[in-house]
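Based on the hints, put chain B in the right spot on chain A.
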Amino acid sequence: MRRTLVSALTVFVGLLVWSGSASAFCGFYVGKADTKLFNKASEVVIARHDNKTVITMANDFKGEVKEFAMVVSVPTVLEKEQIHIGDPAVLKHLADYSAPRLVEYFDENPCQVMLYERRSMDALKSLPQAASARPERERALGVTVEAQYTVGEYDILILSAKESAGLETWLSENGYRIPAGASSVLHSYLKQGMKFFVAKVNLGEQAKLSLAHLRPLQLAFESPKFMLPIRLGTVNADGAQELFIYFLTKQGRVETTNYRTVRLPEAQEIPLYVKDTFGDFYRDLFTQQVKRESERGVFMEYAWDMNWCDPCAANPLSAEELRGLGVFWQENIGRTGRGMGQAQNVFLTRLHVRYDAAHFPEDLVFQETSDRATFQARYVLRHPWAGQDECPAATAYRQQLRERYEREAQTLATLTGWNIGDIRRTMNIETASAPIEKQWYQRLWVN
Amino acid sequence: MILDRLKTQLSSLDPRLYQIASLSTLLLYGVVWLHFDVSVLQIALTLGTALLTQYAGTRLLKLSSFDPRSPLISALSLCLLLRTNHLEVAALAACIAIGSKFVIRWKDKHLFNPTNWALVIMLACGFGWISPGQWGQVAWFGFLIVCLGSLVVTRAARADVTLAFLAFYIGLLIMRALWLGDPLTIPLHQIESGALLIFSFFMISDPKTTPDSRMGRVAFALCVALAALYVQFGLFKPNGPLWGLIACAPLVPLIDYLIPGTRYDWSRPSNGHGPAAASNPVLVPLSIHQQRRSL
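In order, the protein sequence lines correspond to chains A and B. Following this note's numbering, the numbering of the first sequence begins with 1 at its first residue and continues without gaps. Following this note's numbering, the numbering of the second sequence begins with 1 at its first residue and continues without gaps.
There could be a bad hint or two in this list.
[Stated by the list, open to error] Calculated pairs, DSS-like style, for lysine-lysine (alpha carbon to alpha carbon, straight line, at most 25 Å):
1. B:Lys237 - A:Lys191
2. B:Lys237 - A:Lys52
3. B:Lys237 - A:Lys195
Hint data in this document are derived by calculation from the structure and do not stem from the laboratory.
Same shape as in the complex, but just chain A (with noise of 0.2 Å):
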């Protein structure tokens, strides 16, 4: 029996790990046998303060329970009680909070304001487990068990390897299947001293603890390293995968020291039918972007203090919510405010990155600024005053009104890469606004 292997890794913080279907990862999948898995979004929460740092990964797996497994690098050999399952409810709330978001203004009555609502975009979901393993011969291998143990549904092993090719013999003589192309990076990594773990799903453990979906697993330890691995990830990722990373800081926005970190576009005017399709919308907005960056690009999406949002897509996560997420400077205001004690010195930074290997050779490496400045992606729909008040102000408003829509539909057509003419066909404006258009000489004199 073979049992797919996942590798998430996170060198100096690296983890590795996995999912089927429609989810990401920072890892690499080990696929069995013909098993067309591939990796396609993780979500990764890094807490981080003078090196000590908590990594929440989020599991998002979708394939036979019994298949999952995970590979996942760390600087460090961990202990027990640094590792930890996590909320997977909290980091969907996360999700929320930071989310692209849509607001809607009203006009006002021109001839004498208004009222907004917000939808937001989401990220992701999660699902179910398993498998199991044992250790034998490693001695041979150069490959040891430092350590077994079992945290939630999850069996860690904890393993210190010599040489790449026995931790590679030892993990397919496991049953693992390791891609073409992992060994050299395997092999670096060892050299530059990272540690190496496995998780699987204790299907025992699952079953009694009745979970549907597996739950994030966390690591706690201490580095100086501020990377996420992403090298592993690639080696046989069918095409670019997408990394969502959540930072908790205290003094600021994290950016990356070896890419470009861009921010999305945001605030612009987008036709109002967009609503209806927020998804898309952004989706495409986001791969030309990506295009835009030549595939090198790292992109902000949110930067905020946690106290606080404007348009809030989700309140801000409470104390007790960010404790669970790694937060360990601020106790002690977590134990005083009950409930939705309000998180001070803690900043929060989502970037999204799609990646592969021929863009980004290299791991990404982290920098906290002392920057605070906000940022969301936020995108506007601004509905028309549809009164039939008539004054020299409203004739003017509905003459702006056209130019308006047009310029609305120029930037949905820039922002997504869409055709100009379905836009304008879709808004509707293509007939509302060519008889208006006139040559400038007939806007000079206006007769």
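Positioned in the frame of chain A, the structure of chain B alone reads:
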């Protein structure tokens, strides 16, 4: 013919003019195209403060004349590298950079490169940050060509320290990749940083803060490269070269003592060729920061 004449004319120009032009172009491109997080106000304030500080320093120390070129180069480099949300930090950095030339001195040479010194202080105090990854390939290649072009056009003799540093730094990165079994795309990606180019062509090459002898400068470049790589791969901190240069700067007096050379003199620049260089080997700096003319 025309080409030769043009070349002669260009090389007779102060190399700092060429540098000011290339840094300004790069800044413009960065702000307009790459959306660098630096406002026009911050740029104006940085340039203004640098010039004022230079003027004040010139007056206070009763130097013969005020020369805006070097402070402009320092200020443009600061605009390209330093990021902050506070205008006063930008002004303070410019003031510290230029002020340090007049204050921190050892045997008539200033010890630290002004831009380097200001950046390190701002980073250490947490007032600002550097975004080394914000350049992208196009800007990086373009700037590389311009920087290399400056070496040819100005025939800058102090290119030795720049070239030595780049050779050591890139060579060691490649050796590390080979040792790890990594593809060479990794070290090539690692050097794709605009900050590294500004550092190599505009900071470490400062004739007043590098050793006087050529052998000394090469040894100095090696020390800086090693320190930079240690910061990057030993301490896992960004901006290795900046910290490396600051850490190694105090070695310059020692290197000058061990391997003496002739002191650089701004008032008598030469391209380092010909007999003049033997009796009075003053070299045209690649980059630079104005020194006190009469000192």
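Quick rundown of the hints versus the structure:
1. B:Lys237 - A:Lys191: holds, 19 Å
2. B:Lys237 - A:Lys52: Roughly 15 Å between the alpha carbons, so the hint for Lys237 of chain B and Lys52 of chain A holds.
3. B:Lys237 - A:Lys195: holds, 21 Å
Of the numbered hints given earlier, the model fails none.
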